[in-house]
Amino acid sequence: MPITISKPILLMPKVPGVFVIGLLAAQFLLFQGGNGPDPKCRVSVERPHHSTSLKESQKFDAIKLNVTSTCNVPQDYTRITAQIQKIENNREVVAHNFSSRVAASTVKSPETAVFKNIFINCVPGVEVAYKGFAKGYVLLKNGEKIKVVGTSGNYEATDCEIGAQ
Amino acid sequence: MSYFEEFLRLGEWLSQDDRRALYKYLLLSNKEIYEVQANLLLNNTKLNKTIANGEILYSFKNGRVNYIAREIASDEFTPEMREIKLTGSHFIDLARLRKFFAQSDVDVIQNYPLPGENPQTEGGFGIDTYPYYSLAYYSNGKNRLSGLVKKFRTNDREILTKLRTL
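Quick mapping for you: the protein sequence lines, in order, are chains A and B.
Everything in the first sequence is counted per the working numbering, starting at 204 for the first residue and increasing by one.
Everything in the second sequence is counted per the working numbering, starting at 2 for the first residue and increasing by one.
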């Protein structure tokens, strides 16, 4: 009796070739997207300082807060609300809340947005310890929103007092 | 130099109170000009104008108006910075556009001032998130009622008087 050996069908592809190619293409595209850097942004808040520029040009005293947001990928804009805090009677209190601001990046520096006119009048002659704070989000060019928050660090004394709000 | 001309040179040194008072001043003093500009925009769907050292390009599409801006002689326009929705009622839309024009003028004056003695930081375009015609500006994005209360408490009379008289 002749022995019949069945055809080795195990090596036959069980899925159509076109589907396999499609899967490979999808995997390639996924890996391409994954190769870019993880978007990261940070907001840098400089310590609130008594502005000499304003004193010289505008003849008034003001406490200025410089804020910059920087990402490792291009951004459209950053939106923040900033605050200056102070120490009063050994307690941390809000000295001034600034209205919410938006700063757009530029073609030259697409990863950075600079906030320019964040300042508030003050009365010189009184030493007060201030700290800057800002929070908000960055809208990246790819449409993703990234939350950011930052402070200027420790309280530092300045010889000008922000008036009561 | 008038107080207003001085404002055109201050740029980033315009304080929050200055900017808001400037908006109110422009809204009143440019009423007729803004109406002419609004009609031009509604008829032609585009409007180009200059203020201080900046150029503004308005676009009207699908019932909405937005603007982009650039420094005069620069190639680089900002992204779309603000948008306003129109109603289709000519009378209401004229009023809305007047406010929008005054707001965008203040936005551009603070970013692209006329040359002056005040040092300006290079690059970028920064604006107040909420326009001065919105209650959200006064409440900083919180509820409208507190915005309304703060609006009534806000007094820009001193700066406005200087803008009108000096």
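These are computed hints drawn from the structure, not numbers from a lab.
None of the values given here were measured: they were computed from a predicted structure.
Some clues are possibly wrong.
[What the hints assert, rightly or not] Restraint-style ranges between C-beta atoms, simulated for each label pair: (1) 292/A <-> 32/B: 41 to 51 Å; (2) 242/A <-> 75/B: 51 to 61 Å; (3) 153/B <-> 297/A: 18 to 28 Å; (4) 32/B <-> 293/A: 29 to 39 Å; (5) 49/B <-> 360/A: 30 to 40 Å; (6) 292/A <-> 36/B: 26 to 36 Å; (7) 62/B <-> 245/A: 31 to 41 Å.
[What the hints assert, rightly or not] Result set (DMTMM-like, lysine to aspartate or glutamate): computed pairs, CA atoms no more than 25 Å apart in a straight line: (8) 348/A <-> 81/B; (9) 334/A <-> 13/B; (10) 348/A <-> 56/B.
Where is the CB? At the ideal position from N, CA and C, for every residue including glycine.
>> Which constraints among the numbered hints does this structure fail? Numbers only, ascending.
In response: 2, 4, 5, 6 and 10
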